[in-house]
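What follows is each chain in one-letter form.
There are 2 protein chains.
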Amino acid sequence: MGNRSILLVERPTGMPNDKNFELVESEELPRLNEGEVLIQTIYLSVDPYMRGRMSGRKSYIEPFALNEVLSGGIVGQVIESKDGNFKVGDYVEGRLGWSDYNVAKSHQVRKLNPSIAPISTALGIVGMPGLTAYFGLLDIGEPKEGETVVVSGAAGAVGSTVGQIAKLKGCKVIGIAGTEEKCQYLKEDLHFDEVINYKTDNIKDKVKQYTPDGVDIYFDNVGGDISDEVIKRINYKARIILCGQISSYNATEIEHGPRIQGLLVQKSALMKGFIVGDYANNHEEGLKQLGEWVNSGKLQYRENIVEGLENAPHAFIGLFKGDNLGKQLVKVSDD
Amino acid sequence: MGNRSILLVERPTGMPNDKNFELVESEELPRLNEGEVLIQTIYLSVDPYMRGRMSGRKSYIEPFALNEVLSGGIVGQVIESKDGNFKVGDYVEGRLGWSDYNVAKSHQVRKLNPSIAPISTALGIVGMPGLTAYFGLLDIGEPKEGETVVVSGAAGAVGSTVGQIAKLKGCKVIGIAGTEEKCQYLKEDLHFDEVINYKTDNIKDKVKQYTPDGVDIYFDNVGGDISDEVIKRINYKARIILCGQISSYNATEIEHGPRIQGLLVQKSALMKGFIVGDYANNHEEGLKQLGEWVNSGKLQYRENIVEGLENAPHAFIGLFKGDNLGKQLVKVSDD
Chain X
1 MGNRSILLVE RPTGMPNDKN FELVESEELP RLNEGEVLIQ TIYLSVDPYM
51 RGRMSGRKSY IEPFALNEVL SGGIVGQVIE SKDGNFKVGD YVEGRLGWSD
101 YNVAKSHQVR KLNPSIAPIS TALGIVGMPG LTAYFGLLDI GEPKEGETVV
151 VSGAAGAVGS TVGQIAKLKG CKVIGIAGTE EKCQYLKEDL HFDEVINYKT
201 DNIKDKVKQY TPDGVDIYFD NVGGDISDEV IKRINYKARI ILCGQISSYN
251 ATEIEHGPRI QGLLVQKSAL MKGFIVGDYA NNHEEGLKQL GEWVNSGKLQ
301 YRENIVEGLE NAPHAFIGLF KGDNLGKQLV KVSDD
Chain U
1 MGNRSILLVE RPTGMPNDKN FELVESEELP RLNEGEVLIQ TIYLSVDPYM
51 RGRMSGRKSY IEPFALNEVL SGGIVGQVIE SKDGNFKVGD YVEGRLGWSD
101 YNVAKSHQVR KLNPSIAPIS TALGIVGMPG LTAYFGLLDI GEPKEGETVV
151 VSGAAGAVGS TVGQIAKLKG CKVIGIAGTE EKCQYLKEDL HFDEVINYKT
201 DNIKDKVKQY TPDGVDIYFD NVGGDISDEV IKRINYKARI ILCGQISSYN
251 ATEIEHGPRI QGLLVQKSAL MKGFIVGDYA NNHEEGLKQL GEWVNSGKLQ
301 YRENIVEGLE NAPHAFIGLF KGDNLGKQLV KVSDD
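Line order of the protein sequences matches chains X and U. Each residue of the first sequence is one higher than the last, beginning at 1 in UniProt numbering. Each residue of the second sequence is one higher than the last, beginning at 1 in UniProt numbering.
If we strip away everything but chain X, and leave its shape as in the complex, we get:
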């Protein structure tokens, strides 16, 4: 049985492109050792944070090695097992290679229960992006009823979850996204109070118009000029939650912008960066709550699915063009 994998063959400078990636094929799969399982990839997740790992720079997570298989969130099915806890047919999620098949040690994966939520959600709303929204908003933001919450990248996997949880907590939610379709989805389907299309609206005017009482919480996935306008509106003791800065992930040098420290002092405001790994000890609790909310219809989600392992690089590049509404997945094989 052959295997296909996607390698990083060149570190991107600026926007990633096709030449950074290469699809390779191997004739056979490695044999399983005791305690290992063979997993056939069903879904593969592309996420903005991966851009950081593609540059050589050290960050909170090691850079991807050149000429090796890329890795990320994978949902798959066990097709061979040398571990008593896993049987053929089990669905699992783990951080594995961008390949048709992966050999994994059992501690590298978690078993999924398809009766709680569709298995693909283990890469989205009941997975890493959902947990990111959950802990960032609730632990750092501590939203209170009646507060005003602004979310950038609002139609993405994290942003759309943040906005919905904020609504569950009784907040007024304003989402910022980049297409009319996304804005309509946020307002009509997810019941955001207001939406701003940063590509067509005057952000400054709209932010001002929609936040007459100022901004208590800003959940920022984007950074840059959009954030500058939101941050100007913060209230006393506001919380700015820094989740991502996708607008600058492809920057080739450090960007400059207005210094915000003076405003943070004036407003006794907090700005906090985080990654989901900071909450590793609480993931189980978070997944349980998210699963319940999804199951009971309190949280909705959308997926944007591209077919074929060979199209994973394209799906990844699309993240930086704002192509995806909801969680971007690549479907590698049939469920």
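A portion of the hints provided could be inaccurate.
[Unchecked claim] BS3-like mimics (lysine-lysine), calculated; alpha carbons at most 30 Å apart, straight line: (1) K187/U <-> K232/X; (2) K172/X <-> K298/X; (3) K58/X <-> K204/U; (4) K237/U <-> K58/X; (5) K187/U <-> K208/U; (6) K58/X <-> K208/U; (7) K232/X <-> K105/U; (8) K232/U <-> K237/X; (9) K167/U <-> K237/X; (10) K237/U <-> K232/X.
[What the hints assert, rightly or not] What the simulated footprint calls covered on chain X by chain U, stretch by stretch (three residues with Cβ under 8 Å from a Cβ of chain U suffice, anywhere in the stretch; the number is not a length): (11) 92-102; (12) 214-227; (13) 230-244; (14) 249-262.
[Stated by the list, open to error] Partner residues are not named here, just some residues of chain X that face chain U (Cβ under 10 Å, in silico): (15) M54; (16) R57; (17) S115; (18) L138; (19) K267.
Because the hints were derived from the structure by calculation, they are not lab data. All values reported here derive from a predicted model rather than from experimental measurement. We put the CB at the ideal spot given by N, CA and C, even for glycine.
Fit chain U to the supplied structure of chain X, relying on the hints for placement.
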């Protein structure tokens, strides 16, 4: 009995100057009503935050009114009382006018106990600046033994207290100040581990050299380029405490600098602005602890005293030139 007062007659643009202020004399003092006391000013405090109040902009505290008496921290002595809780001779501290004499309601002042610490310290290390250091460092910074703490504006009233408390908590402390005299004082007298003279040292090199294990806490009184270099060195879960941004208080437009949000995400770091008023409910506890530390010699302080009410504007302007080592006071009358 006549009274002299200093008015704000013009809002400063950029660096404040003599023309912004005017000394006026009145022939007599207002009569006391029930519940009021007449206070002769002994010390008057000039503080960087006052620059914000001199501009018309609304902030966490109302702007000073034009052509009215400036106000700030005052230590004085009761010379007449229509309140049973205060008797002639009592020492008090309060936020009062820049005048030889003030009529105050009793709730506007707190009584001082000169046996705990010299009365002038009620404007410094056992007063607002001391509390600022205490709550900022301990509540936001949560310093742990062995951590590396960097303080900018280290020789000022707040900074010198921050560094000493950090030493009491077992931290390694690096101070940044602007004269050799200040640096020597911090190192020799206050036992800071390392000092950097930002006017003569290469800040980037020195910060790197003195923080081989990175920066866990940065207590920032200054902002601007100096802070940029310190922030580059932050560790995972670092805390950046924004107390003041004196380098930009005289700026006439919003300054630009490197965007730091990306780094805060990478490091899961916190940046928090605050003012001492955020901790109003805990001031008593803080003053008690600071008084004990001063009394037992665990905290040292210096004062820089200018004589004469008429010289208060000069003393204030000097804050922005780095003139003061320790707390800047104006002595208005003899103790």
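How the hints compare with the structure:
Of the pairs offered as hints, the one joining K187/U and K232/X is violated, with about 40 Å between alpha carbons and a cut-off of 30 Å exceeded. Between K172/X and K298/X the alpha-carbon distance is near 17 Å, which keeps this suggested pair within the 30 Å criterion. A hinted pair counts as satisfied when its Cα atoms are at most 30 Å apart, and K58/X with K204/U qualifies at roughly 20 Å. At most 30 Å may separate the alpha-carbon atoms for a hinted pair to count; K237/U and K58/X meet this at roughly 16 Å.
Distance hint between K187/U and K208/U is fulfilled; the C-alpha atoms sit about 18 Å from each other, no more than 30 Å. Pair hint K58/X plus K208/U holds up; C-alpha atoms about 17 Å apart against a cutoff of 30 Å. A C-alpha spacing of about 38 Å is found between K232/X and K105/U, which places the hinted pair above 30 Å, so the restraint is violated. Among the hinted pairs, K232/U with K237/X is consistent with the structure: their alpha-carbon atoms are about 25 Å apart, no more than 30 Å.
Taking the CA atoms of K167/U and K237/X, the gap is near 29 Å; set against the 30 Å cutoff, the hint holds. For the hint pairing K237/U with K232/X, the CA-to-CA distance comes to about 25 Å; that is within 30 Å, so the pair holds. For a cut-off of 8 Å, the count of residues in the segment 92-102 of chain X with a CB near a CB of chain U stands at 0, and the three-residue condition is violated. Only when three residues or more bring their CB closer than 8 Å to a CB of chain U does the claim for the segment 214-227 of chain X stand; here the count is 4, and the claim holds.
For the segment 230-244 of chain X, the stated coverage by chain U holds: 5 residues have a C-beta nearer than 8 Å to a C-beta of that chain, and at least 3 were required. Only residues whose C-beta sits within less than 8 Å of a C-beta in chain U count toward coverage, and the segment 249-262 of chain X has 8 of them, enough to reach three; the restraint holds. For M54/X, the interface hint is violated, the least distance from its beta-carbon to any beta-carbon of chain U being 15 Å, above 10 Å. With its C-beta approaching chain U no nearer than about 9 Å, R57/X sits inside the 10 Å limit, and its interface hint holds.
Against a cut-off of 10 Å between C-beta atoms, the interface hint on S115/X is violated, since the closest Cβ of chain U lies about 35 Å away. At a threshold of 10 Å, the smallest CB-CB gap from L138/X to chain U is about 16 Å, leaving the interface hint violated. Contact between K267/X and chain U, as hinted, is supported at the beta carbon level, the nearest pair being about 6 Å apart and thus within 10 Å.
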